[in-house]
Structures are given as structure tokens and as C-alpha cells.
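Following the hints, put chain A in place on chain X, whose structure we already have.
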Amino acid sequence: MTPFVSYARKHAGYLVFAVVVMTIPAYLGNGYYLSVLAFMGTRFMVALGLSLLLGQAGQISLGQAAFVGIGAYGAAILTTRLGFDPWLAMALAAMLAAIIAGVVGIPTLKLKGHYLAMATLGVNEIVYILLVQLKGLTNGTDGITGIPSLSIGGLDLGGPKAYHLVVWGVALLMLRFALNLSRSRVGRSLRALRRSEPAAESLGVDTSYRKVQVFMLAAAFASIAGSFDAYYVHYISPDGYTITFSIILVTGVIIGGLGSIWGALWGTLAIVILPELLKRGNEDFINLVFGVLLIAIMIFWQGRTGGIWQSVKAWKSRRGQDGAAPPGVEE
Amino acid sequence: MTFDQFLQYIFSGVTSGSVYALTALGFTLIFNATDIINFSQGQMVMLGGMVAVALHSAGLPLWVCFIGAVAAVVVLTIAFEEVAIRPLIRKGVLAQIIATIGAAFVFETAAMLIWGRDSLTLPAFSGEEPLSVGRATVVPQTLWVVGLTIVIVVALQLFYRKSLFGKAVRACAVNPTAARLQGISYRRVVLFSFALSGAISAAAGVMITPISFMGYSSGALFGLKGFAAATLGGLGNPVGAVVGGFLLGILEALGVGVVSAGYKDAIAFVILLLVLFARPAGLLGARVVNRQ
Numbered sequence: 009m010t011p012f013v014s015y016a017r018k019h020a021g022y023l024v025f026a027v028v029v030m031t032i033p034a035y036l037g038n039g040y041y042l043s044v045l046a047f048m049g050t051r052f053m054v055a056l057g058l059s060l061l062l063g064q065a066g067q068i069s070l071g072q073a074a075f076v077g078i079g080a081y082g083a084a085i086l087t088t089r090l091g092f093d094p095w096l097a098m099a100l101a102a103m104l105a106a107i108i109a110g111v112v113g114i115p116t117l118k119l120k121g122h123y124l125a126m127a128t129l130g131v132n133e134i135v136y137i138l139l140v141q142l143k144g145l146t147n148g149t150d151g152i153t154g155i156p157s158l159s160i161g162g163l164d165l166g167g168p169k170a171y172h173l174v175v176w177g178v179a180l181l182m183l184r185f186a187l188n189l190s191r192s193r194v195g196r197s198l199r200a201l202r203r204s205e206p207a208a209e210s211l212g213v214d215t216s217y218r219k220v221q222v223f224m225l226a227a228a229f230a231s232i233a234g235s236f237d238a239y240y241v242h243y244i245s246p247d248g249y250t251i252t253f254s255i256i257l258v259t260g261v262i263i264g265g266l267g268s269i270w271g272a273l274w275g276t277l278a279i280v281i282l283p284e285l286l287k288r289g290n291e292d293f294i295n296l297v298f299g300v301l302l303i304a305i306m307i308f309w310q311g312r313t314g315g316i317w318q319s320v321k322a323w324k325s326r327r328g329q330d331g332a333a334p335p336g337v338e339e
Numbered sequence: 017m018t019f020d021q022f023l024q025y026i027f028s029g030v031t032s033g034s035v036y037a038l039t040a041l042g043f044t045l046i047f048n049a050t051d052i053i054n055f056s057q058g059q060m061v062m063l064g065g066m067v068a069v070a071l072h073s074a075g076l077p078l079w080v081c082f083i084g085a086v087a088a089v090v091v092l093t094i095a096f097e098e099v100a101i102r103p104l105i106r107k108g109v110l111a112q113i114i115a116t117i118g119a120a121f122v123f124e125t126a127a128m129l130i131w132g133r134d135s136l137t138l139p140a141f142s143g144e145e146p147l148s149v150g151r152a153t154v155v156p157q158t159l160w161v162v163g164l165t166i167v168i169v170v171a172l173q174l175f176y177r178k179s180l181f182g183k184a185v186r187a188c189a190v191n192p193t194a195a196r197l198q199g200i201s202y203r204r205v206v207l208f209s210f211a212l213s214g215a216i217s218a219a220a221g222v223m224i225t226p227i228s229f230m231g232y233s234s235g236a237l238f239g240l241k242g243f244a245a246a247t248l249g250g251l252g253n254p255v256g257a258v259v260g261g262f263l264l265g266i267l268e269a270l271g272v273g274v275v276s277a278g279y280k281d282a283i284a285f286v287i288l289l290l291v292l293f294a295r296p297a298g299l300l301g302a303r304v305v306n307r308q
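These protein sequence lines are chains X and A, in that order.
Take 9 as the starting number for the first sequence in the numbering used here and just add one per residue.
Take 17 as the starting number for the second sequence in the numbering used here and just add one per residue.
Incorrect hints may appear among the rest.
What the hints assert, rightly or not - Calculated Cβ distances over 12 Å to all of chain X for the following chain A residues: (1) Phe43; (2) Ala111; (3) Thr116; (4) Leu129; (5) Gly163; (6) Arg196; (7) Leu263; (8) Leu300.
Stated by the list, open to error - Label pairs and their in silico Cβ distance ranges: (9) A:Asp134 / X:Leu145: 30 to 36 Å; (10) A:Arg102 / X:Phe185: 37 to 43 Å; (11) X:Gly162 / A:Ile130: 35 to 41 Å.
If you are wondering where the hints come from, they were derived from the structure by calculation, not from laboratory data.
Positions of the beta carbon are idealized from the N, C-alpha and C atoms, including for glycine.
Just chain X, with the same shape it has in the complex:
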């Protein structure tokens, strides 16, 4: 067997998915659907980071929207005010997001328990307030307009098809990275610490260091997603980066399932498509649905980490037997 064939067999799911996603613009000409799909791509980037953090490290961040906002505003301010190259601006914003995540994560992830969740809620609120209040920098609630499109070597990537390919290209790279990470030494140590921190530590895993690393990575992913959105829509305002959006992102990852990185994809589908479906009915209803889903999945989860599909299956076949502990179980 040639190395290529063995690689293809090992990663068949990923390759099929990549080919399907990257060929969509060839047969889908509708700009609106392409935009929704590209939008889904950036949500998927955020979900990937959260999925690593929640599914692999067992920690919740309720502030991912703030990192998306840092990516969007970083890109917008650096390009419109200082004339930076959009790609460079995106990279700098992602670094800033990762640094902020490190500053917040280092003290809170040293503590046992779920302090990160509350600390990130606080960060989200602070970032939102700064976006509204620092009018000289962010234009306050008016937002920033005239953000340039992405381009590669003079080739404009502002159109829906080109943009789709770039967004999903980057998202696929991130997916590959996350899949490799979860199979690597890092991923194994993360899953070990999720099950039992003392046991992981006794085997030489520096648990808080690992968690901080993953949190910083998740922040960078979210920031890159935010930059992409800003370059496509050309306009941003603080309302896109609220705590509510953070919670919806967490909901998506949980609906999709924490057992594997692929759960991030199903979760992204859920949080992009459910609101689209409900728009025809009552838009306000959507958060109620998400809230009920969160509780229901937790109850039917019963120790399984497979998200909504697994939960339904588990609920059908469950009578008395308990599964393995969900992430975060303390003993």
C-alpha cells in the first residue's frame, strides 16, 4: 500500500468532507446560500476551539464572543485606521486574543472548579463595554464601516465563491489541526485530565498548563473567525459580540456532542440552521429552544458525550445502567 492510500484510508472522513465542502461553489451559484455557508465556516472555527476546550479539557468558556469581537475589531481598526494588510491584521488580532486568554486563563485555570466560566463571562462583558465606550477607537454603537476585503497577491476575495473557498480552506486546516491535536500526546493528556486531574498529574501531565494552552488556542480560532466575518460583511458593531452569542456557541458545541471534534460541525449546523428555520416563526423563540435543548441534552446525556443523536439513542435504550462519566466529573 502506498503512503498516499494509507493516508487516504486513515482520514477518509476528513478527505470526503474536504472535497464536498471545497467543491460546493462549483455547483451552487446562489450568493445567499454561499454566504450562509461561509458564515457557517466562521462559526465552525469558533466551535472547533470551544470543542477542544469543552470536550477535551472539560472547561467552559462563556466569553468566546469577546474573542470573536477582538478579531473583528482588531482587523477593522488595523486596516481602516492604520492601513495594515488584512492578513497581518488578522494575525495580530489573533495574537492579542490569545494573550488575553492567557492572562485570564493562567490564574483561573490553576483553581479547581469552574472559575473560568465566570471569569470569561466577565471578560465578555468588559470587552463589550469597551467596544461601546471607547468611541474614539471603535465608533461606539455606530460600529465601523468600510472594512476592506481580503485579497491574495492582487486577487480580490470579496466575492461569495472566492470567500467561501478561503474561509472553508482555513476552517479545514483548523479541523485537521484539531483532529491531530486530539489524537496526539496533547489530546491524550487533555482527555486524561478531564477524567481525573490527580491521576493525570501523577502521570506527569501539567494540567493547568495544558488547559491554558487549549484556551489560548480556542481564543485565537475565535479571533480569526471574527476577522473573516469583518472582511466579508465590511461592517461591524458591538451587538454581534454579546454574552448571549457566547452562550449560543457553547450550546452549539454541546448539541453537536463533545465526544469527538466532529461534534463541532453538527453543532455549527444546529446554531446556523435552527435560527434560519425559526425566522419564519417567532425569532424570539430561538433562545428558549436553545435553553431547553441544553437542559434536555444534559439530562438525557446521562454520562455520554455524543450530543443530541447519542442522547436520543441513550434515552431510548436507557433503563438503570449508567454510562461513563461526562467531562468534568470530579471524582
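Quick look at chain A alone, frame taken from chain X:
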């Protein structure tokens, strides 16, 4: 800042500090019984205020609205515990925390669907005529808020220190297994803690509504600040929760005086992050925070 202004800021800080203190107590009660950080705590404050407004617009006298709102939130909290928390009791704290996040979403959206997006208010408990203290002024509602908060805190302390069931609740906070071996019903303690936590939060919500209005989305900030207060005082310590609440309220009010009103809501979270950074056990941290 003149002394009169300073005094005015202190009054306003003590008022919002009362609400933070009671919300922080709500967090503490549930945390001590179950190790859960209840992300829907702020929504209980909000629901207390909203139910009271609804009862008042039905023509009921204020004291009936107060009791009715507290009772309604207690029933809701017990239902929430029975439906969402109880099945998850051995499934890990993370699952329970996520369930409370879901509950926060449900409570908030339900409140919006029932009462709309406007902020609502109640008449003050006893008139609107401001009292003057030096050249600073106080509305009578402030005295109600602070007074009732003190009554609640003292009653809670007496209950914890003097009554047998209060001692059982404390025993469960220290060590649930040992408490069970002594014949204490852990289930009853958990249920009671949720109910009491809901009652205290709802009372805070009713009291503050005449001063600061209440809308479906007000709960999130109350919850965050209550948690910041509980952490500042030392998560798990009821006295710390109250001290942290008043301290946070006063620091926030003075911060408005020194910085700007636009940043008011950010102050609490900067304090929260500083506490987590420098002294995660809080000012009066009785429970040891496990550092890894």
C-alpha cells in the same frame, strides 16, 4: 469629589450593594450544598421583580406582590432543581453547570415572551419623597432595601447557628458524606438550599425594582455581579458574600464618581479578575480553594 458627593455615592453603592449581597448569598447557598455555580441566579432576581410587577398591575397591594413573587420564584426554583439538577446529581458538576446555563436562557426568554422587552417598575414601598442627609438625599426605598437586607442576613445567620436543620445544612456544606452518615437527608438539604436561594434572590429583585427598574435581560448583570461579590468575599462563605456584596456596590459607585458612568458595569468584573488573580480564596475565604 466633595464630601456630599462622596456621601451620595456611598448611599447609591450601599443600595446596589444590598442586591449584590443577597444575590451572592443565593450563589453561596447553592454552591455550599452542591458545588454548583448557578448561572441562573441573576434570572431569579429578575423574575422576582417581574412577577411582583405583574401581580401589582393585577391590582394587588405591594406586600402581597412581594410575598407572591418570592413564593412564585421558590416554586420555580424547586421545579428547576427537581427537573434539571436532581437527575444530574452524580453526573458531574460540569453537566449541572451547563443545565443552569440552559435554565438562565429559558428564564430570560420566557420573561421576554411574557412581559415584552420594556423595562418595568413598581411604586416605592413607602412614598417617593427623598429624605435629606446633610446635602445628600436618600429615597425611602433605599432604607427599605438596606433594612430588609439586614433582616434577611441576620435571620439567616440565626437559622444557621441556632436551629437544628440550619446546623444540618452547614454540616452538608462541610462534608456531605459525613453528614449523611449522621442521618441528615442530603436531598432535603439540597432542595431547601435551592428554595432558600430562590427566595432571597427574588426578594432582592422585588426590592430593587422601584429604584432601578427591571427588564427581561436585567438578570445577567445581577448574576455576574452577585458572583463577583461572592468571589470577592470568598466563595462558599455566607458572611463573605454579604461583605463582598456591599464592598462591590460601594467600589462600583465610587468608580462611577472617579471614572465614568459608562464603565460602571466593567468595574465589578475587573475586581473579579483581580481577586481570582491575587487572592482566589477571597477576602474572608473560609473554604480552601484548591490550587493545583
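Structure versus earlier hints, numbers of those that do not hold, lowest first:
1, 2, 3, 4 and 11
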